[in-house]
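S.K.: Read off the chains here:
Protein chains: 2
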Amino acid sequence: MTRVMNFAAGPAALPQSVLEAARDELLDFQGTGKSILETSHRSPEYDAVHEGAQQLVKKLLGVGDDYHVLFMGGGASAQFVLVPLNLLGDGERGEYVVTGSWAKKAYKEAVTVAKTSGGSAHVAATTEQDGRFTRIPEPQSWDVAEDAAYVHITSNNTISGTQFALYKGIPECAAPLVADMSSDILSYEFDAKKLSLIYAGAQKNLGPAGVTLVVIRQDMLDRARADLPTAFNYQLQAKGKSLANTPPCYAIYMLGKVLGWIEEQGGVGAVQKVNEAKGALIYGALDELSDFYRAPVAKDSRSLMNVVFRLPSEALEKRFIADATERGMIGIKGHRSVGGIRVSTYNAVPLAWVEAVVSFMREFAKANG
Amino acid sequence: MTRVMNFAAGPAALPQSVLEAARDELLDFQGTGKSILETSHRSPEYDAVHEGAQQLVKKLLGVGDDYHVLFMGGGASAQFVLVPLNLLGDGERGEYVVTGSWAKKAYKEAVTVAKTSGGSAHVAATTEQDGRFTRIPEPQSWDVAEDAAYVHITSNNTISGTQFALYKGIPECAAPLVADMSSDILSYEFDAKKLSLIYAGAQKNLGPAGVTLVVIRQDMLDRARADLPTAFNYQLQAKGKSLANTPPCYAIYMLGKVLGWIEEQGGVGAVQKVNEAKGALIYGALDELSDFYRAPVAKDSRSLMNVVFRLPSEALEKRFIADATERGMIGIKGHRSVGGIRVSTYNAVPLAWVEAVVSFMREFAKANG
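Order-wise, the sequence lines are chains A and B.
Residue 247 in the working numbering is what sits at position 247 of the first sequence, and the numbering runs on without skipping anything.
Residue 264 in the working numbering is what sits at position 264 of the second sequence, and the numbering runs on without skipping anything.
Mixed in with the good hints, there may be bad ones.
What the hints assert, rightly or not - In the EDC-like style, the derived pairs of lysine to aspartate or glutamate whose C-alpha atoms are separated by at most 20 angstroms in a straight line are:
1. B:K273 x B:D291
2. B:K241 x B:D219
3. B:K104 x A:D227
4. A:K105 x B:D227
5. A:K115 x A:D227
6. A:K115 x B:D227
7. B:K105 x A:D227
8. B:K257 x A:E25
Because the hints were derived from the structure by calculation, they are not lab data.
Nothing here was measured: the structure is a model prediction, and the numbers come from that model.
Put together the whole structure using the sequences plus the hints.
M.R.: Here is the structure:
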């Protein structure tokens, strides 16, 4: 079998060694004579998987036992609702930094929730211009109420290809910081202890689709609403260690394996170095070949996870995608809402694939420029 | 490898051929050079999996295009909330037939939801006695308001081992019938067209944990609230074909494979025959050996999916479980809330395993009776 170079935005490439390990034990999990897919969530062997993954999340994020690690269903989209449902009380205000389509969706869902909770959702900053987002706003420019319940940011914007460089420092906020880190969690080192709540759909940097990671600090949890139904209640989910009802076991198992792989690479710092090298390579090529390729994102807002660019015409973009596919590079079509090209370079995308795509970019520009 | 006989209540045994097929293509899904675990939910190859599974659900349930098939996250527990959230409007009443712990939980969550929606949840019938449930109540005895928004039943009660015999006929109700069929969906033929909404966590009869099937009829969907956030909104989920955001792709893929396996067996009718044979075998033994084993469930309410029974003492139950484990039979410990023994005999549990457990039951009774 020839493995394709998968640059999809998510569900995205997983480490090959993780897939091989999953395959090898698919019918017989650790000699138990059954698959992990058919293993009870109340069994000691599943417990070890579940708790192991929770511990590894804390270790890799560098947070202590004042943080709770939840595994939930419904994707990050469900968290767009659960964050305000749990944390936006009567008369309280949630601040939203709108830096992309998903951030905007999070804000809109909060507005819907606020209608019944008596709270309100407010745009603290937006970088939308003519329906596009090409930069991250400076925290100094945010319009944040002093007593805001939280400030919500989207650390990486998958569609527009912009990223908060949290590794350069966390925005200073009086209010608790909530971050949707679906597309860049554990891709670089940062001070997670400054965040009160992190959530992330797994299908980009953490594993397959089907589980959403929620990491919440005790003081934030204490402020969450206590009277919500169990499935939507952060306090009860934390109390039940995400085992109040059957969790998405297999997705959690795979997430644990991916976290183990990050450790094998030398930890988040080592992974970050590779991500920076990949970014330098591809953005370097884009800058060098700027007569042909156009990178719309402001330089200081460029994402190391999703590299978006345009070609001189849509016809050339179409040919670029077709030619790339022929060379075994897939998933590079830009999101249907913005068009163009998007090369996603999550943790599991090796440097060699990025070298291949950059070499193809040079070749294509030469032939068509 | 020796495959254990897995009688767990869920996550439960899956057909071996399904697991083998999943293993064989884990690294290379249909020659695409990547795993289904890393395949975009916007790709044609995933589309075929997703839509194929939706079509197969309809075919096996025998319903037409006036039904929508949704794949959601969060387990059946999330549906405990979403059913009243979507369907219990201001001043409306949801009727709950409380036949077990999960049915009671569904009712309680509806009470919580109703507090803010202006609706109400009402116990139409309960068979709880001293904290136990041992029978299904006759529909004639239900106290249902004529203009109820819906009547909610739990078709099979995993913990107490009772089951509505829907194959003998659907309860006649003026109000729309909503059924939590998590633990017996597609285990027998019944007239699904008489139900307005069916939901089921996959991890018993449909696949691994991580996806919840929701099947909703158009007229019920038309009555659902339109102003809920996307992730919790039946109308928007149906409109987006459960692809408004990333669904739990791998669990859906496995669910599709399990449905394909049901077809291979000859369809739901053929599977039902095997389930009836398994039930006859194990309940026959319990009745025959009633000096030793005690089957607490009323005969006309016995579940073909979860067979619960007691031994003369807890010490003997402990030894029974240990001896069974030695013989490669696992997952037979009763739910911690009720104790005793529970043998779950879902579709994927072959007749041969039930023969083995029955043979062991005879042997154990003889040695310890």
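S.K.: Evaluate each hint against the coordinates.
M.R.: Hint-by-hint comparison with the structure:
1. For the proposed pair B:K273 and B:D291, the alpha carbon gap of about 29 angstroms is over 20 angstroms, so the pair is violated.
2. Note on B:K241 and B:D219: the hinted pairing holds, with a Cα-Cα distance of about 17 angstroms set against a maximum of 20 angstroms.
3. Note on B:K104 and A:D227: the hinted pairing holds, with a Cα-Cα distance of about 17 angstroms set against a maximum of 20 angstroms.
4. Distance restraint check for A:K105 and B:D227: the Cα-Cα separation of roughly 15 angstroms lies within the 20 angstroms cut-off, and the hinted pair is therefore satisfied.
5. Pair hint A:K115 plus A:D227 holds up; C-alpha atoms about 18 angstroms apart against a cutoff of 20 angstroms.
6. The suggested pairing of A:K115 with B:D227 holds, with an alpha-carbon distance near 10 angstroms, which does not exceed 20 angstroms.
7. At most 20 angstroms may separate the alpha-carbon atoms for a hinted pair to count; B:K105 and A:D227 meet this at roughly 15 angstroms.
8. In summary, the hint linking B:K257 to A:E25 is supported, as the alpha carbons are separated by about 19 angstroms, within the 20 angstroms threshold.
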